[in-house]
Each structure stands twice: as C-alpha cells, then as structure tokens.
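Sequence order for the protein chains is A and B. Oh and the first sequence: position 178 is 178 in our numbering, straight run, nothing missing. Oh and the second sequence: position 31 is 31 in our numbering, straight run, nothing missing.
If you're looking for bench data, these hints aren't it; they were derived computationally from the structure. Take the hints with a grain of salt, since some may be wrong.
Just so you know, same-sequence chains aren't split out, so a pair can sit in one copy or run between any two.
As the list claims (entries may be wrong) - Dumping the calculated DSBU-like pairs for lysine-lysine here, alpha-carbon to alpha-carbon at most 30 Å:
1) K387 x K272
2) K287 x K259
3) K122 x K24
4) K110 x K120
5) K126 x K110
6) K220 x K209
7) K91 x K272
8) K91 x K110
9) K398 x K91
10) K25 x K319
11) K331 x K110
12) K91 x K299
13) K25 x K287
14) K286 x K259
15) K220 x K287
16) K191 x K91
Residues per chain are reported as follows:
2 protein chains.
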Amino acid sequence: MNIVVQKFGGTSVRNLECQQQVMKKVLRLCREGNKVIVVLSAMSGETNRLLNLASKWSENPDRAELDSMVSTGEQISCALFTMLLKQQGVKARSILGFQAPIITDDAHGKARIISIDDKKLKELLKEYDILVVAGFQGCSENGRITTLGRGGSDTSAVALAAAVNADICEIYTDVSGVFTTDPNICADARKIERVAYDEMLEMASMGAKVLQPRSVEFAKKFNVTVHVRSTFSDEPGTIVTQEDETMESVLVSGIAYDKDQAQITLVHVEDKPGVSAQIFSPFADKKILVDMIIQNPSKDGKTDMTFTIPRDDMELAIKTLESLQYEIGFKELNSNLNVSKISIIGVGMRNHSGVAARAFQALADENINILMISTSEIKVTCLIDDKYTELAVRTLHKAFHLEEGEPIEKS
Amino acid sequence: MNIVVQKFGGTSVRNLECQQQVMKKVLRLCREGNKVIVVLSAMSGETNRLLNLASKWSENPDRAELDSMVSTGEQISCALFTMLLKQQGVKARSILGFQAPIITDDAHGKARIISIDDKKLKELLKEYDILVVAGFQGCSENGRITTLGRGGSDTSAVALAAAVNADICEIYTDVSGVFTTDPNICADARKIERVAYDEMLEMASMGAKVLQPRSVEFAKKFNVTVHVRSTFSDEPGTIVTQEDETMESVLVSGIAYDKDQAQITLVHVEDKPGVSAQIFSPFADKKILVDMIIQNPSKDGKTDMTFTIPRDDMELAIKTLESLQYEIGFKELNSNLNVSKISIIGVGMRNHSGVAARAFQALADENINILMISTSEIKVTCLIDDKYTELAVRTLHKAFHLEEGEPIEKS
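Full structure from sequences and hints, please.
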C-alpha cells in the first residue's frame with residue numbers, strides 16, 4: 001500500500017475554488033493507485049476570527065477552552081473538503097484529532113504530539129481511499145482537545161507520515177519551495193532542490209517561514225522525506241531530507257535574516273562566579289528568549305556582557321535588569337533596537353574552512369560593521385546595524401555564488 | 001449532591017451581553033449550593049450559516065460530514081461561555097458530545113441518544129461546580145460526531161437530567177412558558193402553570209414550538225420534571241410533569257393549530273382488501289407523512305378516501321397517485337391546499353364526555369364548517385378551511401374558558 005501525505009495550508013483551502021484545485025491534486029494521486037492522507041489547515045482568516053472573538057469574552061481566555069474553540073476551524077475545512085470528495089464518489093472521510101487519535105501532552109496552545117494510533121489509521125486506509133485529517137489539533141490523554149501552535153498542521157502532516165510510513169509528505173503552500181534567501185530582498189534568490197534537515201531547521205528558526213521548525217525536527221527524527229511545493233503549480237519544489245554527499249559539496253545553502261532583534265550591553269559587570277546566571281535566570285522566568293551572548297575578557301575584575309533578545313521584549317528586559325542593578329552590580333546599561341541578524345547556513349561548512357572569513361570580508365567590502373558574531377557547525381551569524389540588512393543579504397548571496405548553486409570545487 | 005440542568009437556546013447565548021445574563025442565572029444556582037449542568041445551543045444564526053456554507057460546497061452534503069461541521073456551533077458557544085465562568089474563578093469546563101460521552105445511533109442529522117455515561121459525569125461533577133455541555137450533539141459508537149436534529153439541545157438537556165438524576169431540568173427560551181394557545185392570535189391566551197407530558201406532546205407536535213417533541217418523550221420516559229421559562233425574566237414559567245389530579249380537573253389545557261396542511265380526496269376507489277396499503281405505501285417510501293385519514297362507507301363496491309399531508313408535499317403526492325391510478329383504480333382526485341388543523345388538548349377529556357360536542361357547537365355557531373374530524377384520548381382535531389384558523393382558535397379558547405383556567409366543576 002503506497003501512502004502519500006499531502007498537507008494544504010489556509011490559503012489553499014480558503015474558498016470553494018481553491019478547494020476544487022486542491023481536490024484535483026489529491027484525486028490525481030489517488031488515481032495513480034496511492035492511498036492519500038490529506039491534512040488541512042483552517043480556511044485562512046478563520047483562526048484569527050476565532051481568537052478575536054475569544055479576546056472579546058476574556059482578556060486571558062482559558063487555554064483549554066480556546067483550543068476547543070479554535071480547533072473548529074480545521075473541523076469545518078475538513079468537513080467541507082470531504083463533502084467535495086464524496087460528491088465525486090470517492091471513498092473518503094474526515095478525521096479529527098480525537099478520532100485518529102493524535103495523542104498529545106496537555107500543554108494547551110502548544111501541545112506536543114506523543115503518539116498516533118497507526119493501527120487504526122492503517123485500518124481506515126483499507127476502508128477509505130482518502131482520509132482528510134484535521135491539522136493543528138490533537139487530544140490529550142484525558143480526552144480534551146489540544147492544539148499544536150501556529151503552523152502546527154505541518155507537524156501534524158509529518159507525524160502522520162511517520163506513523164503510517166508514508167512514501168512522502170508533501171507540504172503545499174503559497175510559495176514554490178525553499179529559497180536561497182528571501183526573493184523579496186534579493187532578486188537572484190534561487191529555489192533550492194534539496195536541503196538537509198539541519199539546514200532547514202536553521203533557516204526555519206531564522207524566520208524563513210516555510211515550515212514549522214517542530215515539523216522539521218519530527219521529520220529528522222523519523223526520517224520522513226518532506227516535499228515543500230506550491231498549491232498553485234505542478235512544478236517540483238524543495239525536498240527536505242537526510243544530509244547526503246551532494247549537499248556537502250555545497251558550501252552555503254542559504255542566507256537567513258531576522259530583523260526582530262535588539263541588543264543590550266551591561267557595562268562593568270562584576271566578574272564573579274554566578275553572575276551570568278544572576279542576569280539570565282530572571283529572563284527565563286519572564287520567558288524572554290536570549291539569543292546571542294558575548295562576554296568580554298575580564299579587566300580589573302570587571303567585564304562587559306552583551307546579548308540579543310526579541311525586539312518586543314526590550315522594555316521588559318530593561319525593567320528587569322534595572323531592578324537588579326544592585327545585586328548584579330553593573331555600571332551602565334546600553335541598548336540598541338536597530339540591529340538585525342544575518343546567517344549563512346550550509347552543511348558543507350562542516351568540512352571546509354574559510355567560510356566565516358569570506359563572509360566577514362564580503363561585509364567589510366561594503367563597509368558593514370559587525371556588532372556580534374556567533375557560529376555553529378553549519379551556521380555563521382552576524383549581528384549588524386539593521387539599516388544594512390538587505391544590502392548584507394545580497395552581498396553574502398553573491399559572495400557565495402548562490403545564484404548559481406555554486407559547487408564546492410569553485411571555492 | 002443537588003444537581004440542576006439548565007438549557008439555554010441560541011438567542012440566549014447570541015452575544016457577550018446575553019451570555020453575561022445567562023451567567024448570572026447559573027452562578028445564582030451555584031451559590032445556592034447546587035451543581036449545575038449548563039446545556040447550550042449554538043449562538044443564533046450560526047447553525048444556519050454553516051448549513052448555507054455546506055450547501056455551496058455540495059447540493060446534497062454528506063450527512064456525517066455535515067454533522068461534524070454544524071456541531072462546531074455548540075463547540076464555540078460552550079468554549080466562550082466557559083471562558084466567562086473561568087474568569088470569575090468558577091470551577092468549570094466545557095464538555096462536547098464525544099467527551100461526555102453522549103452515545104447515539106448513527107442516523108446522522110437526526111440521531112437518537114442511546115446512552116450517557118452517568119458515572120463519568122458524576123465524577124466530573126465532583127471536580128467541577130459547573131459543566132457546560134454542548135447541546136444538539138452526540139457521538140456514534142464508532143466515534144463519529146452526530147447531531148440530534150433541530151431543537152435537539154432540549155433533548156440533550158432532558159437526557160442529561162435523566163442520566164444524573166437532576167432535581168429539575170430548566171429549559172430557558174425566549175418565551176415565558178407554554179400558553180393555552182398562540183398569543184399572537186388570541187389576546188386572551190394565558191400561561192399554563194403545569195402541563196402533563198402527554199398534553200405537551202400533543203401541543204409540541206401540533207406546532208407549539210416550545211420544546212422538541214423528542215425531549216418531552218424522554219422526559220416522560222424517565223420522569224424528568226421540566227421547567228420551561230424565559231431567559232430574560234425571573235418569573236416562573238410552565239412545569240411539564242407527570243399527570244396529576246389538578247390537571248385532570250381541567251377539561252381542556254390548550255388549543256393548537258397547524259396551517260401547514262393539505263387535503264386530498266380519491267373518489268370512487270375500488271373497495272377491495274389491500275387498497276389502503278396500495279395508496280399509502282408509496283407515500284411512506286417517499287417520506288410523505290400522512291396525518292388524518294377518513295374512508296367513507298362503501299357503496300356499490302366503491303368508496304371515497306380522504307387524507308391530509310404537509311402542504312409542501314402536495315405536488316409530489318399528486319404525481320405519485322396519478323402514476324398509480326390504474327392499479328389503485330380511483331375515478332377522480334380532488335385536492336385542497338387551503339385547509340388547517342385545529343386541536344383542543346387536555347388530559348381532563350379522558351374522564352369527561354361532551355368535550356367534542358361543545359367544540360363542534362362552538363365552531364358551528366360561527367359558521368365554520370368542519371371538513372374532517374379525528375379524536376384521541378386527550379385530543380379532538382378538526383380540519384377546517386384555513387381562512388377561519390384564527391377565528392376558530394379564539395372561538396374554542398373562549399368556549400372552554402381558557403382565559404380563566406376553567407376548573408372542571410364549571411363545565
């Protein structure tokens with residue numbers, strides 16, 4: 001039994017015409033002899049409509065009730081789509097999170113999938129040719145409806161593909177695949193044919209918003225091949241899969257950026273054991289995500305501490321630190337809201353040196369000052385003045401010949 | 001543990017202000033030490049909105065998918081209402097049909113309740129002070145969402161009251177109770193304090209649309225006392241309960257009417273065994289509900305057959321009969337769309353004669369001709385020309401002194 005999972009997002013199912021387009025894609029696969037699991041999001045706008053409604057009822061709506069409410073978006077799109085299929089005489093039915101069941105923990109609003117009843121799904125696939133499964137939702141062990149967080153339908157799709165050993169998990173979206181960088185900034189941006197899970201994770205978490213990062217983690221863990229492609233064309237998109245030799249022969253796969261950054265420097269912090277914990281523990285308590293951190297070499301028992309946080313958290317962060325000035329013992333707090341983060345990403349870096357240097361040189365050639373640097377095995381990240389963001393993206397894209405899909409031999 | 005079930009219809013929960021009103025009623029009971037099961041309908045207009053949406057997708061939408069879709073109306077109203085309660089610090093949660101669970105058969109769109117897990121509900125009532133249960137919906141034994149048909153939330157409420165042995169089942173609606181007749185037609189119509197299940201059944205099925213007939217059957221079967229009352233006042237409404245002596249001391253409790261009637265007469269039908277079956281079996285196949293039937297005494301082996309059907313089915317009925325004219329062997333088919341049905345209802349009739357005669361005389365005094373008559377133990381029904389409907393209702397209301405709640409001694 002060949003099984004294919006196809007996931008369609010909110011814009012792909014937003015009205016009757018779009019759903020008819022989607023149906024054609026699904027029926028084609030079906031006619032080729034595949035069993036198909038279709039995973040749908042809510043019709044675009046619906047989830048926001050429901051969230052707005054709830055916010056009128058309560059400033060801080062009960063999370064479990066909110067999940068029960070917003071999950072109706074997928075319930076409706078799945079029922080409608082299945083009606084279309086049934087009208088064509090197809091053996092199909094809709095399946096909600098509690099029916100599959102897709103068991104999650106009870107962290108309402110950001111639940112994690114614990115297990116999927118693969119036996120039941122396989123039984124259903126014997127009876128039906130197409131199963132239309134509600135994305136984004138699951139069911140806690142005590143039977144309450146949960147949701148997986150924004151973009152959770154991607155994770156639903158990959159998890160279902162893993163559960164039933166699907167041949168492939170196709171994620172249909174309104175872009176045609178994963179690009180070397182944002183085409184809105186860089187006209188030379190090119191669609192990537194194949195990308196490794198780890199590269200995709202770095203790109204996703206950097207704001208290349210094609211796939212929910214959790215879905216990529218899932219795909220990596222269960223080795224699910226994901227095909228990201230456009231609902232509105234038949235062109236192949238981008239395959240997200242295990243790292244292989246052809247990938248390693250490319251130095252850099254893509255350039256990501258994130259403008260949602262702010263920088264804080266604490267000047268003349270007393271350099272004593274435990275001072276970092278003293279600074280960052282209160283941030284953790286307040287759910288402020290600290291990203292890059294630099295501690296300067298100590299001088300006269302004092303050091304400077306610089307770090308970045310999401311821009312929206314700046315006010316809260318400053319208040320928090322000021323209230324702790326006496327305990328932490330810093331002299332001055334400098335902040336900068338006008339920074340952005342640029343990353344070059346590629347599994348090819350693992351085995352090749354000189355990548356960071358080439359990036360720094362390219363930025364220097366354009367007089368772009370680097371404020372902070374952070375590196376990992378497959379990523380080099382620079383913090384820069386945010387007015388240079390677009391220029392930096394284009395400069396790095398060109399420096400690594402991404403418009404040509406540069407093979408490593410040239411470097 | 002005192003348990004009260006309170007059911008609120010669509011107009012009672014249609015917006016935030018209405019739900020706040022409802023909350024006051026619920027919290028009052030709660031403060032008095034009761035555990036409360038609140039049963040809610042969808043916000044008014046929502047079910048129709050969803051049905052309209054589905055009708056755009058499919059001319060004949062799959063019933064199971066339609067159930068999954070329309071059940072979201074109650075899912076949303078219950079989540080919103082529970083958010084309000086939680087904000088007040090009340091121990092409350094919403095419960096959907098599949099969560100209770102309320103098990104039904106799988107007749108999607110008009111499912112019947114088979115069982116309710118009373119143990120689970122009683123457990124939940126230990127943990128929570130208020131359970132907000134979605135009306136109108138259940139779950140088939142194979143786990144699919146079902147709905148109980150229009151007005152099904154009344155049945156949900158009564159069934160829940162029966163399951164947990166509630167002290168009372170309050171049905172809140174936009175009228176203040178059950179009336180002796182339609183107040184829009186008869187200014188003297190009076191709210192009835194207590195009405196027997198059987199009387200209520202006759203009134204409900206005759207179009208006094210206060211309670212879904214199935215809910216009354218359920219109440220009768222499990223002896224649940226139902227209190228029909230207004231959401232928008234604190235006045236007591238009408239108690240629907242077991243027949244008792246005070247009820248029997250009243251000759252007639254109410255006058256019902258139904259304008260949705262049409263009459264057909266087949267002239268010179270061959271009077272042979274099986275001819276009735278020959279006429280009415282095709283009607284059953286086509287789901288045409290035949291109501292009153294009269295067969296005239298036979299003469300020369302021929303008889304006339306007269307019956308009533310819902311007005312909308314007239315065309316289909318005539319087509320059906322004409323196609324069978326040869327087999328049935330009738331000479332002529334006469335039809336009349338301008339008829340209506342008037343009934344006087346009362347358990348007091350069981351032990352008192354002369355009720356029918358008094359009704360006939362009252363109608364005759366106003367020159368209203370009676371086309372057909374049908375009687376049961378607690379009901380006398382007359383078919384009349386529909387232009388006399390309002391006059392007939394007022395005449396009979398007066399003839400039985402319903403404006404005073406006439407005790408039997410006067411008759």
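**Message:** If you test the structure against every hint from before, which numbers come out violated?
**Reply:** Of the numbered hints given earlier, those the structure breaks are 1, 7, 9, 10, 11, 12, 13, 16, listed in rising order.
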